[in-house]
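Peer 1: Okay, here's what each chain looks like letter by letter:
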Amino acid sequence: MALVRVISSDGAAFLVSQRLAKRSGKLKTEIETFRKSSDNSEAQPEIRIVTIRAEILRLVLQWLQQHQNDPVLPANQNEQDGRGDAEMGQSQWDRDFLAPMDLGIVMELILAANHLEVKGLLDITCKLVESKITGRTVDEIRTAFKLKSDFKGNEEEQTRLENRWCVEN
Amino acid sequence: MEEIVSNGLNLGGFTLPENVVELILSKVPNEDILNCKLVCHTWKDIVAGNSFFKLRFEEKGRNWNSIPDKIKSDPKYRPVLHAHLRHGILSKNYARNSSGQDELRGWQMWLGDWIVSQEPFGCEPLPISNFFKREGQSCFVLKSDKGAKCYCIDLREQGLTPEIMELMLPFQFQFSQLYASSCSTPTMFKWGAGISDWQTVFQYHYPTPIKILPSGKWQKVEYSFKFGNNARHLKELKTLRQIFLTHKAYRENPSTPDEIQRDPLNLKFARACVTLELLDNEPDESSSPAVSMEDKRD
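Residue numbers (the working numbering), protein chains in the order written: chain A, 1 to 169; chain B, 170 to 467.
Simulated from the structure, these hints should not be mistaken for lab results.
Don't take each hint at face value.
Stated by the list, open to error - Here are the simulated EDC-like cross-link-like pairs (lysine to aspartate or glutamate), alpha carbons at most 20 Å apart as the crow flies:
1) A/K148 x B/D214
2) B/K241 x A/E130
3) B/K404 x B/D323
4) B/K213 x A/E130
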């Protein structure tokens with residue numbers, strides 16, 4: 001089995017199968033680039049991810065391992081009523097996987113999934129953040145994410161009036 | 170203490186790329202989108218963007234490519250995209266129980282003895298259609314010698330407010346209906362379609378009866394009500410509330426009870442369809458004449 005060494009920003013090395021690693025768009029590209037530039041086709045690629053620390057990289061690889069047999073990027077059904085695939089995709093395993101994480105870890109995982117191009121993981125982590133927005137008031141949302149309003153004067157009221165159609169229809 | 174500078178991309182101390190914040194916000198249900206716009210300028214701008222709607226369409230399993238470019242690119246049409254996400258206004262069949270897949274629900278059976286059949290016995294199979302792929306082979310069957318049924322669509326309930334309809338001008342409501350007969354004597358079919366504000370009928374199409382010969386073949390009637398940017402239509406749209414379809418059928422010549430027993434009418438109706446279609450050009454105002462008293466006779 002062909003392997004690849006993936007090294008985190010803090011120097012931890014993870015030895016994983018290339019088949020698994022290629023489920024990340026970014027690692028797939030890196031492995032292919034290494035192949036082209038290497039004379040020895042047997043050489044083991046080594047990829048340094050300078051933006052992701054070991055704890056987070058381990059989580060990404062763990063998620064990839066669990067989902068290694070999922071179809072790659074399930075295509076959206078054409079025009080169907082109801083929910084898209086992203087909604088359906090979350091398994092009990094995913095929920096248990098995400099449950100113990102605080103918002104900081106989730107944010108790091110989102111950045112990692114985005115950087116490594118792992119769409120499924122990006123979807124479920126973004127979905128988790130979305131659940132902290134849905135059903136909250138504007139002030140609660142700002143508090144949850146430590147965001148400050150930058151609306152001046154009556155801009156906020158103006159926006160509310162201009163966008164009544166969002167809630168009325 | 171250091172003050173946190175909010176730029177809308179820094180969530181809980183982590184700065185995310187804009188495409189990721191957009192992805193997160195695209196997953197928020199329609200009901201909560203307004204709140205997102207009110208958080209800060211960055212979120213407001215993301216939610217107003219074209220690519221945000223594209224993501225939401227993917228998220229909700231709706232087909233972005235089927236939406237005309239005009240609607241996608243001009244921000245003034247955002248309420249239309251929003252209503253489509255929520256209610257599917259540009260792609261659905263407003264006649265929900267089109268072929269009896271939901272028994273007789275939604276239809277008012279005024280007259281006669283109606284049933285639902287799971288297959289069109291005595292007639293050809295229903296044609297294959299992308300639009301109706303999930304609706305199978307069921308159809309309504311008129312068992313008695315005459316009958317009438319009606320279906321009413323509450324436009325407000327279906328996501329069509331006066332404001333949304335005005336934005337979509339010019340557009341049309343397109344009607345179609347399949348019918349077939351396996352009876353060996355000729356049958357008459359009168360169909361109608363109308364739009365009203367509940368009390369006043371604005372437009373009514375009630376053509377002369379169609380004579381159905383016993384071929385067992387499915388045939389189709391079609392009609393459209395067009396709306397353009399003219400004074401009369403703008404006025405009608407302000408209070409337009411309902412679309413209704415009527416079907417009446419009877420044997421051409423009166424029959425004896427014996428004949429009825431031997432050769433029942435068994436007239437079949439399937440795939441009642443009402444869709445909203447955007448038009449490229451303003452319709453000719455005279456093409457959809459206002460209702461005259463004569464039309465209301467029946």
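Peer 1: Could you run down the list of hints and mark each one as holding or not?
Peer 2: Verification of the hints:
{"no.": "1", "hint": "A/K148 x B/D214", "result": "15 Å, holds"}
{"no.": "2", "hint": "B/K241 x A/E130", "result": "25 Å, violated"}
{"no.": "3", "hint": "B/K404 x B/D323", "result": "18 Å, holds"}
{"no.": "4", "hint": "B/K213 x A/E130", "result": "16 Å, holds"}
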